[in-house]
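Chemist: Using the sequences and the hints given, assemble the complete structure.
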Amino acid sequence: MSIFNQAQERIARQIDPEVAKKNWKDWKWQQKHLIRTIPDFERLLGVTFDKGERVQLNKTVQRFPLSITPYYFSLIDRHDFRNDPVFKQAFPSPQELIKEDSDMVDPLAEDKDSPVEGITHRYPDRVLFHVSNICSMYCRHCTRKRKVGDKDFIPNKETLLKGIDYIRKTPVVRDVLLSGGDPFLLSDSQLDWLLTEIESIGHVEVIRIGTRTPVVLPYRITDDLVAMLKKHQPLWINTHFNHPREITASSSLALEMLADAGFPLGNQSVLLAGINDCPRIMKRLVHKLVQNRVRPYYLYQCDLSEGLSHLRTPVGKGLEIIESLIGHTSGFAVPTYVIDAPGGGGKIPLTPNYLISWSTNKVVLRNYEGVITTYKEPDSYEPIFCDRKCAKCDLQLKLEGAPEYDVTGIAELLSDADERIALVPRSNERMTRRENGKSRKR
0 MSIFNQAQER
10 IARQIDPEVA
20 KKNWKDWKWQ
30 QKHLIRTIPD
40 FERLLGVTFD
50 KGERVQLNKT
60 VQRFPLSITP
70 YYFSLIDRHD
80 FRNDPVFKQA
90 FPSPQELIKE
100 DSDMVDPLAE
110 DKDSPVEGIT
120 HRYPDRVLFH
130 VSNICSMYCR
140 HCTRKRKVGD
150 KDFIPNKETL
160 LKGIDYIRKT
170 PVVRDVLLSG
180 GDPFLLSDSQ
190 LDWLLTEIES
200 IGHVEVIRIG
210 TRTPVVLPYR
220 ITDDLVAMLK
230 KHQPLWINTH
240 FNHPREITAS
250 SSLALEMLAD
260 AGFPLGNQSV
270 LLAGINDCPR
280 IMKRLVHKLV
290 QNRVRPYYLY
300 QCDLSEGLSH
310 LRTPVGKGLE
320 IIESLIGHTS
330 GFAVPTYVID
340 APGGGGKIPL
350 TPNYLISWST
360 NKVVLRNYEG
370 VITTYKEPDS
380 YEPIFCDRKC
390 AKCDLQLKLE
400 GAPEYDVTGI
410 AELLSDADER
420 IALVPRSNER
430 MTRRENGKSR
440 KR
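Using numbering that gives the first Met the number 0, the letters of the sequence shown correspond one by one to residues 0 to 441.
Calculated directly from the structure, the hints in this document are not laboratory data. Fair warning: there could be bad hints in the mix.
[What the hints assert, rightly or not] Result set (BS3-like, lysine-lysine): computed pairs, CA atoms no more than 27 Å apart in a straight line:
1. K27 to K156
2. K21 to K31
3. K21 to K156
4. K20 to K31
5. K31 to K111
6. K111 to K346
7. K111 to K168
8. K388 to K98
9. K50 to K161
10. K111 to K50
11. K156 to K168
[What the hints assert, rightly or not] Here are the computed distance ranges between Cβ atoms for each label pair:
12. Y122 to Q189: 39 to 45 Å
13. G330 to Y122: 20 to 26 Å
14. F48 to I355: 33 to 39 Å
15. L394 to V289: 38 to 44 Å
16. D191 to N366: 46 to 52 Å
17. P348 to N4: 36 to 42 Å
18. R9 to Y122: 43 to 49 Å
19. F331 to R77: 35 to 41 Å
20. T47 to W192: 44 to 50 Å
21. I325 to K230: 36 to 42 Å
22. I371 to D187: 32 to 38 Å
23. G261 to L318: 34 to 40 Å
24. R53 to K168: 51 to 57 Å
Glycine included, each C-beta is placed from N, C-alpha and C at the ideal position.
Modeler: Right, dumping it as structure tokens:
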């Protein structure tokens, strides 16, 4: 059950003296009362920054906005806020103004791989559809700092229709990922319309939604939203938890509502310096995720977006974390560590090296404990010759599901898979007369 604790009540009363418990859990109230200024942050947390620091913070906010939901703000440890992982993800740092030579405005070249406005088509069979540039809050590590929160980039219905039309005219697209911003910041009716349009396209097999609302605005997951989403299966939902402290009673309830409704849930974390770059932290995070029926999907190396250099770690840190997970916890709790290649190369998976050597018919491997072992390969493997003429393939290419009921004779009558109630010999004269009678009537 979600909570309304003393810290939340204190913050709520400071924001709105007339606030009630039901207001705090109203996602629209949360959005209406975002913490957007340094003075409001100081007042609500009960801290005061010195003059020099405030000047630098205000410069940062002018470049990269401040926007925190009251809910997420309430998770900050006010007694040790500078070391708090929630604070570091939500509050601006003057280090964001440092521009490294490697920093880019659009590091993933999403705009270059955009055949029409709002669509990024990078991989052969799937597209990313930017359906909203509004987020429930402004994350400091956002890779799309160039767009999120910028009112000049809010897609209208005309823009969305262009994206839908591109998907409709591109039969190779079988998977559509709705992203932003945050698609769940659209109204229920807008999202319902969008999902209806996309699922009406015959070649689209699955729709995915990427959202951080279960993390920073869990009250957005309402009964009405879930009921609407259930109309649009198959629908996959990816969340974005970066630290165990973000998994609260309220976020767990939101995840429970989605999981109970039948949506497969995944999580994409970003590796962030001073926040989650620790094997113990990441192990605790993935364990809490799977307890909440969320499968760890990706662990991202922090992108080369402007303003993120202070949050990036060496790649070796990510490999260390994966090494600490493989073999030491359930396989489904280990995310894939990836670098989203600069320039639009896509996700490149990285893993510790478990293959030590390889000969003609044997490989030498190590396991997570450091045990070195061998695997004997077959001496006489004869691959099936493939002429790439798939339409005429009579070897292995049986791709459709096998029939569950393929019976004949008495077993066919006993099966409920067929409506037949009798087996009639071909030579039955009575049935022959029936057929002849039908022919004469025609």
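Chemist: For this structure, which hints from the list above don't hold up?
Modeler: 3, 5, 8, 9, 10, 12, 14 and 22
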